[in-house]
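Novice: As a plain string of letters, each chain reads:
Protein chains: 2
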Amino acid sequence: MKSERPLILVSNDDGITAPGIRALIEAVSELGEVVIVAPDAPQSGMGHAVTISKPLRLDKTDIYESLVAYQCSGTPADCVKLAVDKVLHRKPDLLVSGINHGSNSSINVLYSGTMSAAMEGAIEGIPSVGFSLCNFAYDADFTAAKKIVKIIAQNIIKNGLPVGTLLNVNIPNVSEKDLNGVKICRQALAKWQEEFDERKDPNGRKYYWLTGKFVNRDKGEDTDEWALANNFVSVVPVHFDLTAHHSISFLNGWELDSVLGK
Amino acid sequence: MKSERPLILVSNDDGITAPGIRALIEAVSELGEVVIVAPDAPQSGMGHAVTISKPLRLDKTDIYESLVAYQCSGTPADCVKLAVDKVLHRKPDLLVSGINHGSNSSINVLYSGTMSAAMEGAIEGIPSVGFSLCNFAYDADFTAAKKIVKIIAQNIIKNGLPVGTLLNVNIPNVSEKDLNGVKICRQALAKWQEEFDERKDPNGRKYYWLTGKFVNRDKGEDTDEWALANNFVSVVPVHFDLTAHHSISFLNGWELDSVLGK
Numbered sequence: 001m002k003s004e005r006p007l008i009l010v011s012n013d014d015g016i017t018a019p020g021i022r023a024l025i026e027a028v029s030e031l032g033e034v035v036i037v038a039p040d041a042p043q044s045g046m047g048h049a050v051t052i053s054k055p056l057r058l059d060k061t062d063i064y065e066s067l068v069a070y071q072c073s074g075t076p077a078d079c080v081k082l083a084v085d086k087v088l089h090r091k092p093d094l095l096v097s098g099i100n101h102g103s104n105s106s107i108n109v110l111y112s113g114t115m116s117a118a119m120e121g122a123i124e125g126i127p128s129v130g131f132s133l134c135n136f137a138y139d140a141d142f143t144a145a146k147k148i149v150k151i152i153a154q155n156i157i158k159n160g161l162p163v164g165t166l167l168n169v170n171i172p173n174v175s176e177k178d179l180n181g182v183k184i185c186r187q188a189l190a191k192w193q194e195e196f197d198e199r200k201d202p203n204g205r206k207y208y209w210l211t212g213k214f215v216n217r218d219k220g221e222d223t224d225e226w227a228l229a230n231n232f233v234s235v236v237p238v239h240f241d242l243t244a245h246h247s248i249s250f251l252n253g254w255e256l257d258s259v260l261g262k
Numbered sequence: 001m002k003s004e005r006p007l008i009l010v011s012n013d014d015g016i017t018a019p020g021i022r023a024l025i026e027a028v029s030e031l032g033e034v035v036i037v038a039p040d041a042p043q044s045g046m047g048h049a050v051t052i053s054k055p056l057r058l059d060k061t062d063i064y065e066s067l068v069a070y071q072c073s074g075t076p077a078d079c080v081k082l083a084v085d086k087v088l089h090r091k092p093d094l095l096v097s098g099i100n101h102g103s104n105s106s107i108n109v110l111y112s113g114t115m116s117a118a119m120e121g122a123i124e125g126i127p128s129v130g131f132s133l134c135n136f137a138y139d140a141d142f143t144a145a146k147k148i149v150k151i152i153a154q155n156i157i158k159n160g161l162p163v164g165t166l167l168n169v170n171i172p173n174v175s176e177k178d179l180n181g182v183k184i185c186r187q188a189l190a191k192w193q194e195e196f197d198e199r200k201d202p203n204g205r206k207y208y209w210l211t212g213k214f215v216n217r218d219k220g221e222d223t224d225e226w227a228l229a230n231n232f233v234s235v236v237p238v239h240f241d242l243t244a245h246h247s248i249s250f251l252n253g254w255e256l257d258s259v260l261g262k
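Respectively, the protein sequence lines represent chains Y and L.
Residue numbering for the first sequence follows our numbering, starting at 1 and increasing by one per position.
Residue numbering for the second sequence follows our numbering, starting at 1 and increasing by one per position.
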C-alpha cells in the first residue's frame, strides 16, 4: 500500500488573492499536498449561499506557482462542491478555510463565508476547519496565526475530528507573546444590533447601508467571546445538525392534528 | 392598557410576487396585523447571506392592497433586518417565512433563504417559523398548506416558542385528505451528492451548472425525511447555537498550547 501525503484543500471567502489565504497556504504547505479552490472575488457575508440559478466559472491560475490552484466565480460553498466534484481525485484529508480578515466568532458563524466553506467540507465528510484573525486590515500580521493554523491542522491530521464536527477557530489580534493559549469554547449567544445607515443617491432616491453594533449579553467564561477578550485563541466545535433537541417535548404538547380532522 | 392585535411580519425567498407568499399572507391575515418585507426578486439558495458591500433598496408596494408591503433588493436576512430597523414600530409577535416552492427539509435548512429569514427573526427574539411545500411548481396547490400554516401560527401566538428556537415546517405535496398528520421531528442527516453539469459557452469556454442528487442514509423514523415520505407534515425545532457540545471533551484532549510555549 502506497503511503500518500495528506491531501489538503484550501479555500476562503476574501478571494484567492487575499493575504489571509496566502498565510494559510504557507502554514499548511509542508503538512501535505495542497490544492486551492477559492473565489475569484471577495464573498464576505455570503453565509451558506450556493449558486443555483446561474452558471459557474472555474479557471486554473498560477498565482501560487507550483501549487494546483483554481479560482471560481461562485460562493465559498460552491468552491468546495466544485473542488470535490471536478478538481480532486480523492477525498481530502483536511479542508482549511481562511485565514479570514476579521472575526467569525459567536453568531458570525452563520453569516460567514469562511465558515460555510468549512461547513460544506464537513457535510462532504472532510475534517474541516475555518480560521479567522480578529483584524480586518489588508496588511494584518498573520505571524502568530500561522503557528496556530499549523498546530491545529497537525492535530486534525493526526487525531481526526468526530463525525459531523468542524472547527471555528478565531485568533485575537495580538502578538504571539501576548497570546495566553488556546481554549475549546462554546459559541457565545450574542447578536448584531442592526442600524441601517440611510442615504440619498445622486438622483434623490433613498438607499440603506448595513451597519451595526455587536452586542454580547452572554457572560459565560466558556464562550468564544470571553476567550478572545482574554487573549486566548477560541476553538468552537460546530455541527450542521441544527435541531433544537431540547424543544421537541415542548412542541409535542401542541394539538396540531385537529386541523386535519385526525 | 390597549390590547393590540398580534403584529405578524411576513417574508420569503422566492420574491414578493411568488404564489407561495400570497398563500402565506392569506393564511395569517385574519390572525393579526400583517406587514410584508420580502425580496424584489427570487433569492433561493442564498443561505444566511447578508449584504455588506453594497447598498440596499427598500420600496413600498401596493400589490397587497391594504396591507403594508415593502420590496427589498437584498437577501431574506436583509429583509428581516431592514424590517426590524426601518419598517416596524415594535417587535413583531410572529415572523412567518415562505411558503417556499420546494422542500427545505434536512440539510436544506442550511442553504435555504426561507429558513434564513426565520433564523434572523429568531436571532432578533421574534417567534419565527419557515414553511415549505414539497412542490417546486409555480402553480402548486397551497390549499392544505394554508391550513397547516394557520394552526401552527395560532399555536405560536398562543404558546410562544422556547427562547432561541424557530421552526422548520415542511408540507408534503399531497391533498389534504392524504395527509397523515403533523410530526415533531429532528433534522435528517442527509446530504446532496454534487454533480456539476459541464457545458461550453458560445465562445467555447467551459462553465458549470450545479445539479445533484439528494442522498439520505439516515433511516431514523424520528426524522423530517421519514415524516415527509410517509405523508406527515414535518416540524423541526431549529436553533442557531451551532456548538457541537458533545465534541468539547474530545478537543480538550489535544495539546495545543505547546506551540505558544505555554
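Any given hint might turn out to be false.
The list treats identical chains as one, so a pair stands whether inside a single copy or across any two.
[Said to hold, decoys possible] Cut-off 27 Å, straight-line C-alpha distance, at most; resulting in silico cross-link-like pairs (BS3-like, lysine-lysine):
#1 K158 / K219
#2 K86 / K262
#3 K54 / K262
#4 K86 / K191
#5 K158 / K146
#6 K213 / K86
#7 K262 / K177
#8 K54 / K177
#9 K262 / K206
#10 K177 / K206
Just so you know, these hints were derived from the structure itself, not from any lab.
Only a predicted model underlies this, so the values are computations on that prediction, with no experimental measurement involved.
Novice: Determine for every hint whether it applies to the structure shown.
Specialist: Hint by hint, here is what the structure shows:
{"no.": "1", "hint": "K158 / K219", "in the structure": "neither (34 Å within a copy, 31 Å between copies)"}
{"no.": "2", "hint": "K86 / K262", "in the structure": "neither (49 Å within a copy, 43 Å between copies)"}
{"no.": "3", "hint": "K54 / K262", "in the structure": "neither (44 Å within a copy, 50 Å between copies)"}
{"no.": "4", "hint": "K86 / K191", "in the structure": "between (37 Å within a copy, 18 Å between copies)"}
{"no.": "5", "hint": "K158 / K146", "in the structure": "within (18 Å within a copy, 52 Å between copies)"}
{"no.": "6", "hint": "K213 / K86", "in the structure": "between (41 Å within a copy, 16 Å between copies)"}
{"no.": "7", "hint": "K262 / K177", "in the structure": "between (66 Å within a copy, 10 Å between copies)"}
{"no.": "8", "hint": "K54 / K177", "in the structure": "neither (48 Å within a copy, 38 Å between copies)"}
{"no.": "9", "hint": "K262 / K206", "in the structure": "neither (51 Å within a copy, 54 Å between copies)"}
{"no.": "10", "hint": "K177 / K206", "in the structure": "neither (48 Å within a copy, 49 Å between copies)"}
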